[in-house]
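Engineer: Respectively, the protein sequence lines represent chains X and P.
With full-length UniProt numbering, the residue at position 165 of the first sequence is 165, and numbering never jumps.
With full-length UniProt numbering, the residue at position 253 of the second sequence is 253, and numbering never jumps.
Everything labelled a hint here was simulated from the structure, so no lab data went into it.
Wrong hints could be hidden among the right ones.
Unchecked claim - Partial list, computed: chain X residues near chain P (C-beta under 8 Å): (1) ARG44; (2) GLN126; (3) VAL229.
What the hints assert, rightly or not - Which bits of chain P does chain X cover? Going by a derived footprint, with three or more residues having C-beta under 8 Å, they are: (4) 67-78; (5) 82-90; (6) 218-225.
Note that beta-carbon positions come from the ideal geometry of N, C-alpha and C, so glycine has one too.
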Amino acid sequence: MTDWLSPTEWQAVALSLKVSLWATLVSLPLGVLVAFALARWEFRGRQLLNGLVHLPLILPPVVTGYLLLIVFGRQGPIGAWLDQLFGVTLAFRWTGAVLAAAIMAFPLMVRAIRLAIEAVDPRLEQAAETLGASRAWVFATVTLPLILPGVIAGSVLAFAKAMGEFGATITFVSNIPGQTQTLPSAIYTFLQVPGGEASALRLVLVSVAVAMLALLASELLARRAMRRVSGT
Amino acid sequence: MSLSVSITRQQGDFTLDAAFDAPEGITALLGKSGSGKTSIVNAVAGLVRPDRGRITLDGEVLFDSARGMHVPPSRRRLGYVFQDGRLFPHFNVRQNLTYGLRFAPSGATGPDLASVCDMLGLSHLTDRRPGALSGGEKQRVAIGRALLSRPRMLLMDEPLASLDSARKAEILPYLERLRDDTGLPILYVSHSVPEIARLATTVVLIDAGKVTGAGPAERILSDPSVVRQIGLREAGAVIPTRVLEHHDDGLSELVFSGGRLLLPRIDKPPETPVRVRILAHDVILSLHAPQGMSALNTLPVTVLSLREGDGPGMIAQLQCGDDRLLARITRRSATAMDLSPGKPLFAVIKSVAVARADVGAG
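Here chain X stands alone, though its shape is the one from the complex:
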């Protein structure tokens, strides 16, 4: 497989897969929590949280990237704190690319999971409670299995969005080959140099293939989960 991709191209593909996978995994628990809060809990600031979560969907990605740079950059309030306490730097590192991708993909993930939670019949959860299950057990044994198709769909959507993230990433972590040059950044770079069209085209094909595979896999998983949930 490495034969028909140059080392630089392969690097970009591998980095993108790594960044997207981490972005999806890291945001998943928070995504389920936020989706649950938005779907079920009544609290002050619910609309504000909803707005914040959806903001990256509406803002120009460059703006999100720049805000990330201000907040999570070395001099930024959270960035400086992370740097001092844990020696973690996000700006211009692949970990920063994970953060940018996660934030950009978060609204899509939350939306899908929230829809799934809203479709769960709360009367089933009540039934579980009367059988002696605490709230945490009800969530683990009834709610979570029932929203699994939605969680899978949301994760795949987030993964695909992370694979394609460009604006926020390039603004926050730049475009350093081997460090922060993701698939879209690499395609952009190859299009800027003479004779780069062939490389760009190969990466475009990889992009399309990864997206199709992800969709197929999610379809399969979701269908299997749905069969379980429908009770037949």
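Given the coordinates of chain X, work out where chain P should sit on it, guided by the hints.
Structural biologist: Chain P only, in chain X's frame:
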């Protein structure tokens, strides 16, 4: 084991203000739909919180507004059978049945999976998914699931309402066995008088959020003052009897405090207790012991009370041995026969008038 409820709750325009005790056996909450029965059961289960009041089970407080106490549903240990089953769709029948078992305290005793499957006829279904079950099977699984959580009491909210009459007839004997074999107290919600006549040991009448009557089933159902609430067509007395013998011509002879009854064949061995519901409009009154008549049952009775309705009819309550009967007659007949309390009469009942569904385990 007894449940004591005294609660008020405002739900929009509707005021729930109910107080009653549920002793051992099946306590039925009887009332029209929308009368607040389900709200009461949900409050007992802990799924809704009353505004004020107190709920105790065997002296243990489940809810007490004065002390700000509200035990969460998961710690009340009340098995709840819902009208709509509410089986977990992602589990098979066995997993559904045993769901509550892991949460039951280790000291709690009760039937195990095998005996519950046996009692409810579920043994051949354990690997099925809820989606592949019929309505009656689903309700049986729901009952089994509640039983296996080792509850201190069962709550049943119209468990038969979503089933057709054939499925109802299929489940009723299981409920009778539950009442007679497990000794578990049951709070049973229904709007169906025949169902309650067959199952209930205690009846609590609910109307518009209030308790309008409560007491032993035989007494409440033979009380002419409740006839208006439960409906004229459903009015009838419940009589505890015992099977005496079976005759060759397909009839069974039953004995009770007021005499003997001949009914179409009842498939129970002699000495079995059986409760029989005799509808008020199936009872004919006569001043003299009738002769040359096709009806087989003639019982000596005395008039206890007469109650007029809105139309041309009235309800006569009759003492028959230690038991009571209701008869629905016209006002014209009452006048012609010069009926008044204390008057001795004969009650005539056609054998075939007593439907099979109105004969249940005693």
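Engineer: Each of the hints needs a verdict: does it hold here or not?
Structural biologist: Results for each hint:
1. Look at X/ARG44: its Cβ only gets to about 22 Å from chain P, farther than 8 Å, so that hint breaks.
2. The interface hint given for X/GLN126 is met, as the beta carbon of that residue sits about 6 Å from the closest beta carbon of chain P, less than 8 Å.
3. This hint holds: X/VAL229 has a C-beta 5 Å from the nearest C-beta of chain P, less than the 8 Å allowed.
4. With a cut-off of 8 Å between beta carbons, the stretch 67-78 of chain P has 7 residues touching chain X; three or more are needed, and the interface restraint holds.
5. Counting residues of the stretch 82-90 of chain P whose beta-carbon sits less than 8 Å from any beta-carbon of chain X gives 7, enough to reach three: the coverage restraint holds.
6. Under a criterion of three residues with beta carbons nearer than 8 Å to beta carbons of chain X, the stated coverage of the stretch 218-225 of chain P fails, only 0 such residues being counted.
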